[in-house]
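Engineer: Please build the complete structure, drawing on both the sequences and the hints.
Here are the chains, one letter per residue:
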Amino acid sequence: MIDIIFPKNLNYNIENFLESFFLILLLFISIIFTFTKDLIHAIFLLVFFSFILSILYLLMNSPDVSMTESAVNACITSVFSLSSLVIIDKAKKINSTKFSKMAFFLITILASIFIYSTAFMPLYGDFSAPVHNHISAYYLANSGYEIGIPSTIASILASYRGFDTLGETSVIVIAGLCIFMLLYEENILPNLNLTKDIYLISMAKIIIPIIAIYAFYIQIHGEISPGGGFQAGSILASLFIFYGIITSGNHLEKYFSFNWLKNTSIIGLLIYIGTGIASLYLGGEFLDYSLLSELDQEGEKLGIFVIETGVGISVFAVITFIFLLFASEGEKYDREF
Amino acid sequence: MDIINEILKQISIDSLIDILSWSLLFYGLFLLITSSIGMLRMPDLYTKIHAASLAESLAIPIIMISLAIKYGANLNGAKVILLMIIMLIISPLSSYSIAGSALYCSIVPKGNRK
Numbered sequence: 001m002i003d004i005i006f007p008k009n010l011n012y013n014i015e016n017f018l019e020s021f022f023l024i025l026l027l028f029i030s031i032i033f034t035f036t037k038d039l040i041h042a043i044f045l046l047v048f049f050s051f052i053l054s055i056l057y058l059l060m061n062s063p064d065v066s067m068t069e070s071a072v073n074a075c076i077t078s079v080f081s082l083s084s085l086v087i088i089d090k091a092k093k094i095n096s097t098k099f100s101k102m103a104f105f106l107i108t109i110l111a112s113i114f115i116y117s118t119a120f121m122p123l124y125g126d127f128s129a130p131v132h133n134h135i136s137a138y139y140l141a142n143s144g145y146e147i148g149i150p151s152t153i154a155s156i157l158a159s160y161r162g163f164d165t166l167g168e169t170s171v172i173v174i175a176g177l178c179i180f181m182l183l184y185e186e187n188i189l190p191n192l193n194l195t196k197d198i199y200l201i202s203m204a205k206i207i208i209p210i211i212a213i214y215a216f217y218i219q220i221h222g223e224i225s226p227g228g229g230f231q232a233g234s235i236l237a238s239l240f241i242f243y244g245i246i247t248s249g250n251h252l253e254k255y256f257s258f259n260w261l262k263n264t265s266i267i268g269l270l271i272y273i274g275t276g277i278a279s280l281y282l283g284g285e286f287l288d289y290s291l292l293s294e295l296d297q298e299g300e301k302l303g304i305f306v307i308e309t310g311v312g313i314s315v316f317a318v319i320t321f322i323f324l325l326f327a328s329e330g331e332k333y334d335r336e337f
Numbered sequence: 001m002d003i004i005n006e007i008l009k010q011i012s013i014d015s016l017i018d019i020l021s022w023s024l025l026f027y028g029l030f031l032l033i034t035s036s037i038g039m040l041r042m043p044d045l046y047t048k049i050h051a052a053s054l055a056e057s058l059a060i061p062i063i064m065i066s067l068a069i070k071y072g073a074n075l076n077g078a079k080v081i082l083l084m085i086i087m088l089i090i091s092p093l094s095s096y097s098i099a100g101s102a103l104y105c106s107i108v109p110k111g112n113r114k
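Top line first, the protein sequences correspond to chains W and V.
Just so it is clear: in the first sequence, position 19 is 19 by the working numbering, and no numbers are missing.
Just so it is clear: in the second sequence, position 32 is 32 by the working numbering, and no numbers are missing.
Honestly, I wouldn't trust all of these hints.
Calculated pairs, DSSO-like style, for lysine-lysine (alpha carbon to alpha carbon, straight line, at most 27 Å) [what the hints assert, rightly or not]:
| # | chain 1 | residue 1 | chain 2 | residue 2 |
| --- | --- | --- | --- | --- |
| 1 | W | 205 | V | 79 |
| 2 | V | 48 | V | 110 |
| 3 | V | 110 | W | 37 |
| 4 | V | 9 | V | 70 |
| 5 | W | 90 | W | 262 |
| 6 | W | 92 | W | 37 |
| 7 | W | 101 | W | 90 |
| 8 | V | 48 | W | 37 |
Now the stretches of chain V that chain W is said to cover, found in silico as 3 or more residues with beta-carbon under 8 Å [claimed, not checked]:
| # | segment |
| --- | --- |
| 9 | 82-91 |
| 10 | 94-104 |
Read the hints as simulated data drawn from the structure, not as lab findings.
Predicted, not measured: the structure shown is a model, and the values here were computed from it.
Positions of the beta carbon are idealized from the N, C-alpha and C atoms, including for glycine.
Structural biologist: Shown next, in the form of structure tokens:
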């Protein structure tokens, strides 16, 4: 019986036990998640799920993904979904859902295009997929002297697969602009009438510098340690979300107006595209950073640093922007928190 | 006296450090179990927060101190101490804000209904 539970040919170390424990926990959470009817419970279960997922990523030796998961999914998505619940309640009260046939038609076409394009993706676990053949071996073997930075993940993300990352950044910026088009009204102002608390504000004075230093550390050390633009941008944005929740959001809107944030997110994307156009201008291919300097490796380092900065700026701007839009109040509705 | 002297000769600094760190670790684990029993048994939101904050602000720093003693004076120990300081700043803040927002949403403490 013991041999069935603990087979002798397996390798028993603490990481295997931890991994299996957390995977079983994930299974339980997802079972509970399917049977909850309260939306707030569902949000907190999702937060718990992604937190455990980030620990699992860390156990599987991928600190970059784990950092992204804990910063974006566990922290920022929870804030967004909680504040969207408030908006859903308001929309139910107003009962002003208009059905537009044109929008329905366009969305159906777009969705069918996306679903059709997933048919061309390689299947899960397909061993003839390019990822499992020569590509990862090539990256691991040549990243050291072609790119010349210690973090292979940063070199794959920013240099080898730079075009994909450009796509991801533009998707984020477009999502922010779409939410702007949906929720923006004239004379919109943040409305978070929480009690102003001396304890919270004085603790925020201690925490905010620590978070800011951490975010800039991750941003600048993107190529030698785990982290990069996405993580740093989301951590910096979470700082401002924290500040906006503690001191009511009007304070935040004084410093960052909606138009400023919208323009900043686009500037971040333009920095990325501008790096690619600069390499085109110098006579290479799009996003070929090695031409930016006389030495190939120096050019790659410079290019990766610049595009990470662009990604960080646009991610920070979009996330702060979405939070401000969710927590704001226009003239159309009489919102009360 | 001879026996005590012999025992003292055999005890080195390393074993003292080991004893200290292990005892702190078990003390922290005891506090964690206590607070989780409290979270299950307490009748009310506010008392549940009180039980949970025992784990956050006492048990986990004690476990981290024991880990720092075990690592010694190097980079890992410094990291654990830094984490402990951040933990001590943030966890009272979070439990305070949960309790404050519960009061704001007018959740009445148990036994205080009029």
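Engineer: If a hint holds in the structure, say so; if it doesn't, say that too.
Structural biologist: Structure-based check of all given hints:
{"no.": "1", "hint": "205/W x 79/V", "verdict": "holds (22 Å)"}
{"no.": "2", "hint": "48/V x 110/V", "verdict": "holds (11 Å)"}
{"no.": "3", "hint": "110/V x 37/W", "verdict": "holds (26 Å)"}
{"no.": "4", "hint": "9/V x 70/V", "verdict": "holds (22 Å)"}
{"no.": "5", "hint": "90/W x 262/W", "verdict": "holds (25 Å)"}
{"no.": "6", "hint": "92/W x 37/W", "verdict": "holds (18 Å)"}
{"no.": "7", "hint": "101/W x 90/W", "verdict": "holds (24 Å)"}
{"no.": "8", "hint": "48/V x 37/W", "verdict": "holds (23 Å)"}
{"no.": "9", "hint": "82-91", "verdict": "holds (count 3)"}
{"no.": "10", "hint": "94-104", "verdict": "holds (count 5)"}
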